[in-house]
Amino acid sequence: MSGVHFVINNMVGFTTDPRAARSSYHCTNVAKVNDAPIIHVNADDVDAVLFASTLAADFRQRFRKDVVVDLVCYRREGHSEAEDASLTQPLSHRRMQSHPPVAEQYTQTLIDAGLLSQEEAEEEVNQIYEEFDAEHRYSQLQGPCPQMWRVKEPTTRPVNITGLPVSWLRAIGEAAYRIPEGLRAHATVRKLFQSRRAQLQQGRIDWPTAELLVFGSLLLRFDPDREAIRTGLLHDDDNQYVVHPPCHVRLSGQDVERGTFNQRHCIIHDQGTAIPHSILSDLGLGEQSEAIVCNSSLSELAILGFEYGYSLEEGAGLALTMWEAQFGDFANSAQPIIDNFVASGEQKWGNCSNLVMLLPHGLEGQGPEHSSARPERFLQLVDEDPNVLWPAETSELEEQTKIQAREAVANTLEATATGDAQAVERSVRRLAVLQESFEYHRNIMVAYITTPANLFHVLRRQVHRTFAKPLVLMSAKYLLHHRPCRSPLAHLASGTRFQRVIQEGGSGDNMTTEAPEVSCKRLIFCSGKVFYELHHARCVRGLAGVVALQRLEQVAPFPAMSVAVVAAQHPGAEMVWVQEEPINMGPWSYVAPRFATALRELSPDRQERPLRCIARPAAASAATPLFKVHRQEVRKLLDQALSFDT
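Note that the sequence shown covers residues 1 to 646 in UniProt numbering.
A few of these clues could be false.
[Unchecked claim] Computed cross-link-like contacts, SDA-like style, restricted to lysine to any residue with a CA-CA straight-line distance of at most 20 Å:
#, residue 1, residue 2
1, K628, P484
2, K402, E414
3, K348, F306
4, K521, R541
5, K32, S297
6, K65, V7
7, K65, D84
8, K32, V72
9, K402, S281
10, K191, Q271
11, K521, F644
12, K628, F644
13, K191, F644
14, K636, V576
Honestly, the hints are just simulated from the structure, not real lab data.
Based on the provided sequences and hints, a complete structural model is requested.
Structure (structure tokens):
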């Protein structure tokens with residue numbers, strides 16, 4: 001990709017003199033990094049500017065390389081028309097005030113050459129200003145731009161449920177993990193692919209396999225009628241499906257082809273020729289779209305900005321656009337894009353994006369700069385009032401919404417108490433539908449997933465829902481290869497969906513534990529990999545009947561109804577939030593007030609049992625640089641979470 005780059009070089013940066021603004025003589029010296037030709041031209045000379053521009057365009061078209069045109073000009077006024085530039089550049093400002101503008105200079109040149117008369121010049125200027133005035137008067141007659149231009153529900157989005165038939169999932173995985181004949185793949189890759197094909201046959205898959213099934217299932221055309229004929233395995237409830245056209249999948253970032261943690265291997269290399277091969281390029285399962293998994297430079301600002309723009313072009317339709325940071329911490333280099341576009345682009349300009357930011361997160365003893373994706377920063381950007389469940393345009397509508405939510409929570413509790421599985425499923429679906437309608441009004445989603453199945457559903461949901469929202473995903477590192485972090489294929493099957501909260505013993509629980517006792521002493525809520533540490537420590541200490549572990553998979557928008565249901569099911573238990581991050585970081589500051597609001601509005605019987613937090617002590621650094629200290633902190637955290645005062 002190349003182009004013609006114009007630099008409007010007014011010689012001053014706000015009030016900063018050029019000598020202080022850079023170390024090089026020309027501001028365009030940065031283009032030498034690309035070996036791009038640089039044409040410096042006097043912007044007062046219109047003919048020279050035209051010649052330079054034409055030359056640059058011809059060069060780009062012939063050689064397909066970047067070229068830069070440096071328009072050396074000046075700033076007549078200050079940084080804006082209201083600025084007084086004489087305060088900081090008195091000599092140059094005085095000179096500019098007496099210097100004739102470009103239009104006057106070129107007009108005089110044409111008059112001197114006999115190409116234009118004074119009268120013709122004045123008439124042309126008057127005509128231009130008349131057009132300006134007419135357009136200005138017309139603009140005054142126009143009212144505010146109506147909200148209708150904010151298209152939140154693009155008709156091109158293939159709205160669908162996220163679960164798929166197991167036979168279809170196995171076919172996708174088998175096709176992708178089959179190494180073509182003649183391709184000399186690395187022995188490690190062969191062993192890894194064999195392991196993942198075995199997982200598919202055994203019916204219990206890891207995190208990277210779930211991700212691959214997302215990519216493959218979106219790439220392919222899915223027609224329920226055709227699949228019913230082909231496999232005969234679609235269930236009665238599969239009439240919920242609509243025809244799913246092929247969907248473009250794009251993932252970029254440093255090391256994404258192999259995966260920073262040696263987990264993905266979407267691109268494998270022939271060990272004899274080094275020729276790369278994409279395992280998603282041709283699955284051989286019918287019509288499919290294009291998958292682009294490509295490494296990028298370690299320039300988070302530039303790459304995330306590009307992917308956000310790409311998602312605006314493609315994300316409203318048939319595309320899943322993802323950017324993965326090498327480590328979640330590295331997203332801080334892209335903060336301007338996150339603040340100014342990802343989090344606020346819809347509210348400012350109506351730009352609806354389904355961009356996914358994959359940010360590897362988790363305190364694993366790797367030091368301060370490779371541990372935290374700073375979830376607290378993203379949660380702070382969510383436009384959700386902590387004291388109001390679901391604000392509405394009128395108080396009457398807000399009250400109606402509360403009534404609906406309370407009824408849904410009550411129905412779920414009643415169904416759970418009766419043990420009627422079908423009634424529970426219906427009520428849970430109702431909760432999901434209500435929650436989805438509330439999320440429509442929020443700006444971004446923040447999730448901290450703990451199961452491969454939930455990863456599968458949350459990524460497919462980015463395409464298969466009625467609206468587009470950016471998703472910030474605190475993705476896995478340690479869990480990528482952690483054997484307990486696997487999901488049954490049944491959790492990805494037809495009729496399954498994304499679980500905002502995973503209840504122990506519930507439909508999304510991958511640990512095959514029984515539902516906790518109603519009389520348990522402590523109800524722990526947590527997000528992310530700390531769940532597995534808590535689960536293991538609880539088993540070692542024999543506290544399965546005493547401590548219940550509930551996973552908050554979607555942190556924002558806050559799943560208030562699901563949380564209220566879980567809290568109400570254990571009326572006598574102490575409620576605790578456990579996180580591995582320091583108490584001044586992580587989800588706690590976001591979760592705490594919203595948890596209180598959820599209990600106040602939806603489970604008033606639990607208001608007197610507030611949520612308390614167990615976390616690392618407040619710190620300036622996200623994590624300790626010493627592995628020994630890290631292990632000590634983990635043991636202390638688990639002791640606090642699972643110990644009881646005598």
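Structure versus earlier hints, numbers of those that do not hold, lowest first: Those not satisfied are hints 1, 7, 9, 12 and 13.
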